[in-house]
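Chain by chain, the residues:
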Amino acid sequence: MRPTDGTDARQKRKSWSARSIGSRWQHRFFYALIRLAGRRAAHVMVVFVAIYYVLFRPSVRNRSRPYLSRRFPGRNALLRLWDSYRITVEIGKVLVDRAALGILGPGQLTVRHSRREDLLERIREGHGLILVTAHAGCWQFAMESLRMLETPVSLLLHREEGDVDLHIFEHGGDDAAFRIIDPAGPLGGALEMLQVLKHGEVLCIMGDRAMGGDRSTIEVEFLGGRVRVPFTPYQLASATGAPVVVIFPYKSGPGNYSLQVAKVIRVPEGLGRAPEAYRPYAEAFIRALEGFVEERPYQFFNFFDMWNQEPVR
Amino acid sequence: MTTVEKLKKILVEDLNLEELTPGDIDENAPLFGEGLGLDSLDAVELIVIVKKHFGIEIQNLDEGKAAFQSVHALASYIEGRLSNG
Chain A
7 MRPTDGTDAR QKRKSWSARS IGSRWQHRFF YALIRLAGRR AAHVMVVFVA IYYVLFRPSV
67 RNRSRPYLSR RFPGRNALLR LWDSYRITVE IGKVLVDRAA LGILGPGQLT VRHSRREDLL
127 ERIREGHGLI LVTAHAGCWQ FAMESLRMLE TPVSLLLHRE EGDVDLHIFE HGGDDAAFRI
187 IDPAGPLGGA LEMLQVLKHG EVLCIMGDRA MGGDRSTIEV EFLGGRVRVP FTPYQLASAT
247 GAPVVVIFPY KSGPGNYSLQ VAKVIRVPEG LGRAPEAYRP YAEAFIRALE GFVEERPYQF
307 FNFFDMWNQE PVR
Chain B
392 MTTVEKLKKI LVEDLNLEEL TPGDIDENAP LFGEGLGLDS LDAVELIVIV KKHFGIEIQN
452 LDEGKAAFQS VHALASYIEG RLSNG
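First to last, the sequence lines map onto chains A and B. For the first sequence, the working numbering assigns the number 7 to the initial residue and increments by one for each residue that follows. For the second sequence, the working numbering assigns the number 392 to the initial residue and increments by one for each residue that follows.
Next up, chain B with everything else stripped away, as it sits in the complex (with noise of 0.2 Å):
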């Protein structure tokens, strides 16, 4: 299973997305406002499903808003933290 598969599975699960499955999920649409839909509260959630499921903290704010882009860019950001250590 391919980190962006991982994390749409992950995300559907953990944040309840009760009215969508992975499949539904544009791996290139924002998170946050149009696309996905997910508001601040599940940004609070992101972090801790991040660090629960891959170990990662996200470092600062800009690695963070960077990475919430997009599960596509989310994905990236995990792989780039993991390969690095």
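Bound-form chain A, shown alone (with noise of 0.2 Å):
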């Protein structure tokens, strides 16, 4: 019997975490400030928190090193101070706006779509709809701005047990916009995701981030190293007809976010489970992603050493 790659491999090879770097009275604290003062005093607030993390927390300073140090090769200490505080104010910024979202409500924010039609006309293809993004900007709100579609859409992810940073649904006890699949659920969540697809559904799954063990990754080049992402996707887009679209939500202004459609994969029918026949569709995400980080590197929030095979916290 072949060995498996089911839950305890992956346990062994996630050694990265969703979780908050936040402790629960800092998130209330946040949560708080959001309900009493507003939206833009805890942006105040979030200036000069990120300034202790990145000054007297070097576990977050060296979360985002692995990234930074390649977007950004040749640095100098400063610059690289810099660098960290520039992100670390940016994912605060995108949390505190994910959090009066669920908190204020809508009216808060505002998100454009620049290529709804493109997406509707992908949907009535009938063969559901796979949205690929990544950990850039703040996908919550591209899943919350999915209502638009009319369309019932999941999204692949694992929640980090006991985590305390709530979701947008979770601040007012709204139904969620989109339904979860956990990864870790029974068959990987296999099953559910072809019946999202079957439905004429939309699926979304982070491209940048394996969820399962190594048999689900494909080594693909990014920021001029080595990286493992998913081909799930794409396996998925093969066995169902259905087509890929890349994605990526941004923060594009003070109370703005805009969808950006990066690029629409067409993956042919019937490639079977061999890694390899999915590099092609691996490497155009991958190469819309660096696209992405080109023009907006602080909003690629992906805290973990990506080119390390074994990623590390």
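Source of the hints: derived by calculation from the structure; they are not laboratory data. Please note that the accuracy of each hint is not assured.
With a straight-line Cα cutoff of 20 Å, these simulated EDC-like cross-link-like pairs (lysine to aspartate or glutamate) come out [as the list claims (entries may be wrong)]:
hint, chain 1, residue 1, chain 2, residue 2
1, B, LYS443, A, ASP188
2, B, LYS456, A, ASP188
3, A, LYS204, B, ASP453
4, B, LYS456, B, GLU470
5, A, LYS204, B, GLU448
Reference listing, derived: stretches of chain A covered by chain B, where coverage requires no fewer than 3 residues with Cβ under 8 Å from a Cβ of chain B [to be verified]:
hint, stretch
6, 188-196
7, 234-246
Heads up, the beta-carbon is just placed ideally off N, CA and C, and yes, glycines get one too.
Two chains, two frames, some hints: make the complex.
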């Protein structure tokens, strides 16, 4: 019998964490600040909190260093500190905006879609739609904004046990804009994902982070080094005929977010299960991501060493 | 050839289980995890295989989970669906 690639293997491999670096009281403090003084006041607080984290919490700097050192090679120590500060402020503001949307409701923020009709057109093809995104901007806004498609949206997402960082819908007790499929569930959520596409619905998957073991990933070049990205989205596309659309949500201004439709990827049917067959499509995604980080370097929030074969916290 | 035998042959060939022969597969062993050792990637392919070779689409999640318990369970599911037209 073959070695399995199930939960145990995943736990061993998964040394990165999606859990917030903040403690429960820190989150509650910000939630209270948003309620009492509004989103802008919380943004001001983020600026000071980011200074503390960058200067006195080296572990926070270390998390962003692998990415920043590749995006900005050859920086001196001061500029490295500045880069770390910029990305910490950006993610802080995004987290505040996300909480504000959940706590204070719609109207706090606007999300612009440049190619809504494009997405609707792909859905009308009737094979479902696979949206591949990355840890860029605020993907949860993207999910919220996909309500405009008027089609059920499911997201492949593993929720860390005990994570104190709330999703938008968890603040107000509203219905989620999307259904979550847990990759740690039976058969890695494969049946649920196929079901979603079979019903002509929308499935969203993070293209920059493997949820399963190494078998579901393929090595590609990203920012001058080798990283492993999942090929599951493209395998699902091949199995179902669903088009793949690469999207990146990003903060485009104070109170404004945009959803960039970066690329449409067509995967031929019947490619089977050999990872190499999916390399061109994983490469297409990673080139789109490189374009995104070129334009918006401080909005790629991937705080683990993608370039290390054994990812580190 | 019975459905179980046909399935074993298809699994070995279509999933490239190079280290196995159809005779090595225990029809009552779990397909996933301990047992045959398939994983979520194989689940996607398995659904494609069932459609390709038997013309059957797994209708819903519960059916799929039950059918994917073992080769025997999958064969029974396929036979049931075929006999119901």
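inquiry  = Which constraints among the numbered hints does this structure fail? Numbers only, ascending.
reply    = Of the numbered hints, just 1 does not hold.
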